[in-house]
Amino acid sequence: GAVVSQHPSRVICKSGTSVKIECRSLDFQATTMFWYRQFPKQSLMLMATSNEGSKATYEQGVEKDKFLINHASLTLSTLTVTSAHPEDSSFYICSARNRLAGQETQYFGPGTRLLVL
Amino acid sequence: SQQGEEDPQALSIQEGENATMNCSYKTSINNLQWYRQNSGRGLVHLILIRSNEREKHSGRLRVTLDTSKKSSSLLITASRAADTASYFCATGKGAQKLVFGQGTRLTINP
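Residue numbers (this note's numbering), protein chains in the order written: chain A, 1 to 117; chain B, 1001 to 1110.
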């Protein structure tokens, strides 16, 4: 149980295009999902907290108009990187908290590697 | 901001040896968690220890927590090649976000 999937797993796009990444909780409902970015050999940096039915809460320094987050249901959150540039190339990971279980553990997706040319 | 600091940043040992990684943090916490990340993959939750606990075991893993020193350690006994990965500690407070440390890259040499 507690499986989180991400799609796509890898994406290559041209500079200026927008990319949408999906995060799904497959066997549980998640009222809260988190989006992280990880650069090579570095730790995870939280970008935003996504709450079902409400606006996402962004961390300081993260542009909400560039990284659009939509959490339309209890099992799906999407991150859209708008007008992507090479510096947005990174590993994007989502995680989700199980609504019915304890609030302490986050279950992570396998990540999406974005390469912007 | 990242409040967890882990050491060592990198650790290389022989298969069968024990591996110890440390994590320090700065603010008060409700729990501390350890995660493993294989190269290019997502994170796998290993173990959670609450602030009122001092030690916890799970298989070959042993985690300690010293809230007075704001530090935790992860011990992997009888290491295997498959344990090669990056290990992160993350601190949590209630339902708030997790704050991750910088991680330790562990290499187990056959």
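Among the hints, erroneous ones may be present.
Below 27 Å or equal to it, Euclidean Cα-Cα: the simulated BS3-like pairs (lysine-lysine) are [what the hints assert, rightly or not]:
{"no.": "1", "chain 1": "B", "residue 1": "1093", "chain 2": "B", "residue 2": "1070"}
{"no.": "2", "chain 1": "B", "residue 1": "1093", "chain 2": "B", "residue 2": "1026"}
{"no.": "3", "chain 1": "A", "residue 1": "55", "chain 2": "A", "residue 2": "66"}
{"no.": "4", "chain 1": "A", "residue 1": "55", "chain 2": "B", "residue 2": "1069"}
{"no.": "5", "chain 1": "A", "residue 1": "55", "chain 2": "B", "residue 2": "1056"}
{"no.": "6", "chain 1": "B", "residue 1": "1069", "chain 2": "B", "residue 2": "1026"}
{"no.": "7", "chain 1": "A", "residue 1": "66", "chain 2": "B", "residue 2": "1097"}
{"no.": "8", "chain 1": "A", "residue 1": "41", "chain 2": "A", "residue 2": "66"}
{"no.": "9", "chain 1": "B", "residue 1": "1097", "chain 2": "B", "residue 2": "1056"}
{"no.": "10", "chain 1": "B", "residue 1": "1056", "chain 2": "B", "residue 2": "1069"}
{"no.": "11", "chain 1": "B", "residue 1": "1069", "chain 2": "B", "residue 2": "1093"}
{"no.": "12", "chain 1": "B", "residue 1": "1097", "chain 2": "B", "residue 2": "1070"}
{"no.": "13", "chain 1": "B", "residue 1": "1026", "chain 2": "B", "residue 2": "1056"}
{"no.": "14", "chain 1": "B", "residue 1": "1070", "chain 2": "B", "residue 2": "1026"}
{"no.": "15", "chain 1": "A", "residue 1": "14", "chain 2": "A", "residue 2": "64"}
{"no.": "16", "chain 1": "A", "residue 1": "14", "chain 2": "A", "residue 2": "66"}
{"no.": "17", "chain 1": "B", "residue 1": "1056", "chain 2": "B", "residue 2": "1093"}
{"no.": "18", "chain 1": "A", "residue 1": "41", "chain 2": "B", "residue 2": "1070"}
{"no.": "19", "chain 1": "B", "residue 1": "1056", "chain 2": "B", "residue 2": "1070"}
{"no.": "20", "chain 1": "B", "residue 1": "1097", "chain 2": "A", "residue 2": "20"}
{"no.": "21", "chain 1": "B", "residue 1": "1026", "chain 2": "B", "residue 2": "1097"}
{"no.": "22", "chain 1": "A", "residue 1": "41", "chain 2": "B", "residue 2": "1097"}
{"no.": "23", "chain 1": "A", "residue 1": "41", "chain 2": "A", "residue 2": "14"}
{"no.": "24", "chain 1": "A", "residue 1": "66", "chain 2": "A", "residue 2": "20"}
{"no.": "25", "chain 1": "A", "residue 1": "64", "chain 2": "B", "residue 2": "1097"}
{"no.": "26", "chain 1": "A", "residue 1": "64", "chain 2": "B", "residue 2": "1056"}
{"no.": "27", "chain 1": "B", "residue 1": "1093", "chain 2": "A", "residue 2": "55"}
Just some of the chain A residues that point at chain B, by a computed CB distance under 8 Å [stated by the list, open to error]:
{"no.": "28", "residue": "34"}
{"no.": "29", "residue": "44"}
{"no.": "30", "residue": "46"}
{"no.": "31", "residue": "65"}
{"no.": "32", "residue": "89"}
{"no.": "33", "residue": "93"}
{"no.": "34", "residue": "107"}
{"no.": "35", "residue": "109"}
{"no.": "36", "residue": "110"}
None of these hints come from the bench; they were simulated from the model. Glycine included, C-beta positions come from ideal geometry on N, C-alpha and C.
Going through the hints against the structure:
1. At roughly 14 Å between alpha-carbon atoms, residue 1093(B) and residue 1070(B) fall within 27 Å of each other, so this suggested pair holds.
2. Of the pairs offered as hints, the one joining residue 1093(B) and residue 1026(B) holds, with about 13 Å between alpha carbons and a cut-off of 27 Å not exceeded.
3. For the given pair, residue 55(A) sits about 15 Å from residue 66(A) by alpha-carbon distance, which is consistent with the 27 Å threshold.
4. The hinted pair formed by residue 55(A) and residue 1069(B) fails the criterion: a straight-line CA distance of about 38 Å is larger than 27 Å.
5. A hinted pair counts as satisfied when its Cα atoms are at most 27 Å apart, and residue 55(A) with residue 1056(B) does not qualify at roughly 37 Å.
6. At roughly 9 Å between alpha-carbon atoms, residue 1069(B) and residue 1026(B) fall within 27 Å of each other, so this suggested pair holds.
7. About 22 Å separates the Cα atoms of residue 66(A) and residue 1097(B), which keeps this hinted pair within 27 Å; it holds.
8. Taken as a hint, the residue 41(A) and residue 66(A) pair is honoured in the structure, with Cα atoms around 24 Å apart against an allowance of 27 Å.
9. Proximity of residue 1097(B) to residue 1056(B) is assessed by CA-CA distance (about 22 Å); at most 27 Å being required, the pair is judged to hold.
10. A C-alpha spacing of about 17 Å is found between residue 1056(B) and residue 1069(B), which places the hinted pair at or below 27 Å, so the restraint holds.
11. A threshold of 27 Å between alpha carbons decides the hint, and for residue 1069(B) with residue 1093(B) the separation of about 17 Å falls inside it, so the pair holds.
12. Straight-line distance between C-alpha atoms of residue 1097(B) and residue 1070(B) comes to about 18 Å, which keeps the hinted pair within the 27 Å bound.
13. Distance hint between residue 1026(B) and residue 1056(B) is fulfilled; the C-alpha atoms sit about 21 Å from each other, no more than 27 Å.
14. With a C-alpha separation of about 7 Å, the suggested pair residue 1070(B) and residue 1026(B) falls inside the 27 Å cut-off, and the hint holds.
15. For the proposed pair residue 14(A) and residue 64(A), the alpha carbon gap of about 21 Å is at most 27 Å, so the pair holds.
16. A C-alpha spacing of about 16 Å is found between residue 14(A) and residue 66(A), which places the hinted pair at or below 27 Å, so the restraint holds.
17. Our distance criterion of 27 Å between C-alpha atoms is met by residue 1056(B) and residue 1093(B), whose separation comes to about 19 Å.
18. With a CA separation close to 25 Å, the supplied pair residue 41(A) and residue 1070(B) stays within the 27 Å bound.
19. Simply put, residue 1056(B) and residue 1070(B) have alpha-carbon atoms about 16 Å apart, close enough for the 27 Å limit, and the pair holds.
20. Of the pairs offered as hints, the one joining residue 1097(B) and residue 20(A) holds, with about 23 Å between alpha carbons and a cut-off of 27 Å not exceeded.
21. Our distance criterion of 27 Å between C-alpha atoms is met by residue 1026(B) and residue 1097(B), whose separation comes to about 15 Å.
22. Under the criterion of a C-alpha separation no larger than 27 Å, the hint pairing residue 41(A) with residue 1097(B) is consistent with the structure, at around 22 Å.
23. Of the pairs offered as hints, the one joining residue 41(A) and residue 14(A) holds, with about 24 Å between alpha carbons and a cut-off of 27 Å not exceeded.
24. Note on residue 66(A) and residue 20(A): the hinted pairing holds, with a Cα-Cα distance of about 12 Å set against a maximum of 27 Å.
25. Distance restraint check for residue 64(A) and residue 1097(B): the Cα-Cα separation of roughly 18 Å lies within the 27 Å cut-off, and the hinted pair is therefore satisfied.
26. For the hint pairing residue 64(A) with residue 1056(B), the CA-to-CA distance comes to about 39 Å; that exceeds 27 Å, so the pair is violated.
27. With a C-alpha separation of about 22 Å, the suggested pairing of residue 1093(B) with residue 55(A) holds against the 27 Å cut-off.
28. Below 8 Å, beta-carbon pairs count as interface contacts, and residue 34(A) has one with chain B at about 7 Å; its hint therefore holds.
29. Given the 8 Å rule on beta carbons, the hint for residue 44(A) holds: about 5 Å separates it from the nearest Cβ of chain B.
30. Interface restraint check: residue 46(A) against chain B, minimum CB-CB distance 6 Å, threshold 8 Å, status holds.
31. At about 21 Å, the closest approach between the beta carbon of residue 65(A) and any beta carbon in chain B exceeds 8 Å, and the interface hint on this residue is violated.
32. Interface hint at residue 89(A): violated, since its Cβ lies 14 Å from the closest Cβ of chain B, which is beyond the 8 Å cut-off.
33. Hint status for residue 93(A) relative to chain B: holds, with the closest Cβ pair at about 6 Å, below 8 Å.
34. The criterion of a C-beta within 8 Å of any C-beta in chain B is met by residue 107(A), whose closest approach is roughly 7 Å, and the hint holds.
35. With 8 Å as the threshold, the beta carbon of residue 109(A) comes within range of chain B, its nearest partner Cβ sitting at about 5 Å, so the hint holds.
36. With its C-beta approaching chain B no nearer than about 4 Å, residue 110(A) sits inside the 8 Å limit, and its interface hint holds.
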